[in-house]
Amino acid sequence: MSWKAWIATTGVLMASLPVMAEKPVSKGELLANSCFSCHGYDGKTVEGATIPPLADYPASMIVSQMKAYRDGERDGTVMPRHARGYTDEEIELLAQYIGKQGQ
Amino acid sequence: MNVLNSGLKRRELLKLIAAGAAVPSAMLASGCSDSGSKKAGHIVVIGGGFGGSSAAKYLKRYNPDLAVTLIEPKKSYITCPGSNWVIGGEAEMTTITHSYDAARKNGVDVVHDLVQSVDTTGKTIKLAGGEVLGYDKVVVSPGIDFKWNEIEGADPGIATKTPHAWKAGEQTLLLRDQLQAMPEDGTFIMVAPPNPFRCPPGPYERASMVAHYMSKHKPNAELIILDQKNKFSKQALFMQGWEENYGARIQWIAKMDGGEAVGIDADRKVVETTFGNFEGDVINYIPPQKAGQLAHDMGLTDDSGFCPVDQKTFASTQVADVYVIGDAAIASPMPKSGHSAASHGKIVAANIVLTMAGEETIAAKNVNTCYSLIAPDYGISVAAVYNTVNGSIEEVDAAGGVSKMDATRRERELEANYTRGWYRSITDEVWG
Numbered sequence: 001m002s003w004k005a006w007i008a009t010t011g012v013l014m015a016s017l018p019v020m021a022e023k024p025v026s027k028g029e030l031l032a033n034s035c036f037s038c039h040g041y042d043g044k045t046v047e048g049a050t051i052p053p054l055a056d057y058p059a060s061m062i063v064s065q066m067k068a069y070r071d072g073e074r075d076g077t078v079m080p081r082h083a084r085g086y087t088d089e090e091i092e093l094l095a096q097y098i099g100k101q102g103q
Numbered sequence: 001m002n003v004l005n006s007g008l009k010r011r012e013l014l015k016l017i018a019a020g021a022a023v024p025s026a027m028l029a030s031g032c033s034d035s036g037s038k039k040a041g042h043i044v045v046i047g048g049g050f051g052g053s054s055a056a057k058y059l060k061r062y063n064p065d066l067a068v069t070l071i072e073p074k075k076s077y078i079t080c081p082g083s084n085w086v087i088g089g090e091a092e093m094t095t096i097t098h099s100y101d102a103a104r105k106n107g108v109d110v111v112h113d114l115v116q117s118v119d120t121t122g123k124t125i126k127l128a129g130g131e132v133l134g135y136d137k138v139v140v141s142p143g144i145d146f147k148w149n150e151i152e153g154a155d156p157g158i159a160t161k162t163p164h165a166w167k168a169g170e171q172t173l174l175l176r177d178q179l180q181a182m183p184e185d186g187t188f189i190m191v192a193p194p195n196p197f198r199c200p201p202g203p204y205e206r207a208s209m210v211a212h213y214m215s216k217h218k219p220n221a222e223l224i225i226l227d228q229k230n231k232f233s234k235q236a237l238f239m240q241g242w243e244e245n246y247g248a249r250i251q252w253i254a255k256m257d258g259g260e261a262v263g264i265d266a267d268r269k270v271v272e273t274t275f276g277n278f279e280g281d282v283i284n285y286i287p288p289q290k291a292g293q294l295a296h297d298m299g300l301t302d303d304s305g306f307c308p309v310d311q312k313t314f315a316s317t318q319v320a321d322v323y324v325i326g327d328a329a330i331a332s333p334m335p336k337s338g339h340s341a342a343s344h345g346k347i348v349a350a351n352i353v354l355t356m357a358g359e360e361t362i363a364a365k366n367v368n369t370c371y372s373l374i375a376p377d378y379g380i381s382v383a384a385v386y387n388t389v390n391g392s393i394e395e396v397d398a399a400g401g402v403s404k405m406d407a408t409r410r411e412r413e414l415e416a417n418y419t420r421g422w423y424r425s426i427t428d429e430v431w432g
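Chains D and R, in that order, are what the protein sequence lines are. All letters in the first sequence, in the order written, are residues 1 to 103 by our numbering. All letters in the second sequence, in the order written, are residues 1 to 432 by our numbering.
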């Protein structure tokens, strides 16, 4: 369905109006954008990529794996070194942005 | 799928609202109905490398209504990351060359011209072609330039004889060809630059790639690094990797051990040091560095030769409405790397968009990962996460660091694989 048709049929605009007061860039988006350099723009794969894309992982799995890397429960080459730089809140925010929604 | 949770989708929706698509006019919030691109503002980005291209792309991502112009003289960009692999015969130039087609598709107005001058009071930019552009904010990402005349006999003219290959392109090919043409028992001399410089592990990855090439094609050749420092990035890992892969082929001479270069004779291919003269078949003289010339011309640099910036927003502390990112900016402890520059690009884009919207700026996290190939199947890395605390960029102590010493071959192979994957992903992020 096209966006215009979707808007027209679902009446989502009413629901969307309050978000206009939100900041144009959220903390979660900015945190997640850091992941893109290695894990693909928008977390999506590109030809020749060797680092796993993240967009298809549920947010809950990104949270659990980041914490496992950070807390020494999962080994890795570079990820433990990155994960130790993030608080619980930051991990939740970036995972919600980059991961599959609602899971 | 919950569309409203996604920032990108929400912005697409807002664009539709702004365009008046299927929306009764009474529902439009004020300011949205007539927000053409001119009203949202015009941001000019100067320099289309990792920093500038990232900034331009993320400016459009964070606010599609902004008019974004990217000024870059080159029609396509050849990256320094990956250029050592070309020198070592492990990659082709096409692999490290990127066009600006995607930037145009992303809504960025790409202008291939040289900036002649910037009037930071009148907020206009004059291009060599004669065009004059106005701006609301300008992001300057000019990379580095060289400090010639620091040692006897060095000037810009010697680069054709003793290539630096520290800006990728013709210089990369020149150095590669000189390496290929040297005698089988020849000597390759690298003069590694003093701090601060672009890509701290770069000279040592290059030494690795040269040694790799020699081990295949010049079995009796040797490589001498005359260093203008006493230590270097990932030193223990490089030393271990060199020994494991190349035995004693690479000789590293620290500044304090006589590596300090005091003169160069490009015609005779001799480097004069405090220790004596070194004669080579190929000399890779990598000069000391400073911010790109434009930054100096615009009054953005301090005595260090680089540009002081607000560490949270990358706004110049010297000139209003000018932001400096990438190698030219002072963002210590972040290294001058492509990854750092791409990180700066996102943060400057976000903070410009927030500022233009009258919102508070964000103290965001910066991230850096520098991979190096010691051999095609042997990679190492250094990583760091940075917070901006009380106006300064600080490394998160618990995070970051280098690959493990004494790792298995399998781990080194994995990191080599990730090195190439990192390159593919970040160049797609920035130029895709």
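These are computed hints drawn from the structure, not numbers from a lab. Quick reminder that beta carbons are idealized off the backbone N, C-alpha and C, glycines included. Be careful, since some hints might not be right.
[Claimed, not checked] For lysine-lysine, the following DSS-like pairs were computed, each having C-alpha atoms within a straight-line distance of at most 25 Å:
| # | chain 1 | residue 1 | chain 2 | residue 2 |
| --- | --- | --- | --- | --- |
| 1 | D | Lys100 | D | Lys23 |
| 2 | R | Lys60 | R | Lys105 |
| 3 | R | Lys216 | D | Lys27 |
| 4 | D | Lys67 | D | Lys100 |
| 5 | R | Lys312 | R | Lys167 |
| 6 | D | Lys23 | R | Lys404 |
| 7 | D | Lys23 | R | Lys39 |
| 8 | D | Lys100 | R | Lys75 |
| 9 | D | Lys27 | R | Lys167 |
| 10 | D | Lys67 | R | Lys60 |
| 11 | R | Lys255 | D | Lys23 |
| 12 | R | Lys105 | D | Lys44 |
| 13 | D | Lys44 | R | Lys255 |
[As the list claims (entries may be wrong)] Some residues of chain R that are not near chain D, with every Cβ distance over 10 Å (derived):
| # | residue |
| --- | --- |
| 14 | Ser343 |
| 15 | Val353 |
| 16 | Lys365 |
| 17 | Ala383 |
| 18 | Ala398 |
Hint by hint, here is what the structure shows:
{"no.": "1", "hint": "Lys100/D - Lys23/D", "in the structure": "holds (22 Å)"}
{"no.": "2", "hint": "Lys60/R - Lys105/R", "in the structure": "holds (11 Å)"}
{"no.": "3", "hint": "Lys216/R - Lys27/D", "in the structure": "violated (50 Å)"}
{"no.": "4", "hint": "Lys67/D - Lys100/D", "in the structure": "holds (18 Å)"}
{"no.": "5", "hint": "Lys312/R - Lys167/R", "in the structure": "violated (28 Å)"}
{"no.": "6", "hint": "Lys23/D - Lys404/R", "in the structure": "violated (41 Å)"}
{"no.": "7", "hint": "Lys23/D - Lys39/R", "in the structure": "holds (18 Å)"}
{"no.": "8", "hint": "Lys100/D - Lys75/R", "in the structure": "violated (37 Å)"}
{"no.": "9", "hint": "Lys27/D - Lys167/R", "in the structure": "violated (35 Å)"}
{"no.": "10", "hint": "Lys67/D - Lys60/R", "in the structure": "violated (32 Å)"}
{"no.": "11", "hint": "Lys255/R - Lys23/D", "in the structure": "violated (51 Å)"}
{"no.": "12", "hint": "Lys105/R - Lys44/D", "in the structure": "holds (18 Å)"}
{"no.": "13", "hint": "Lys44/D - Lys255/R", "in the structure": "violated (45 Å)"}
{"no.": "14", "hint": "Ser343", "in the structure": "violated (7 Å)"}
{"no.": "15", "hint": "Val353", "in the structure": "violated (5 Å)"}
{"no.": "16", "hint": "Lys365", "in the structure": "violated (6 Å)"}
{"no.": "17", "hint": "Ala383", "in the structure": "violated (5 Å)"}
{"no.": "18", "hint": "Ala398", "in the structure": "violated (4 Å)"}
When each numbered hint is compared with the structure, violations occur for hints 3, 5, 6, 8, 9, 10, 11, 13, 14, 15, 16, 17 and 18.
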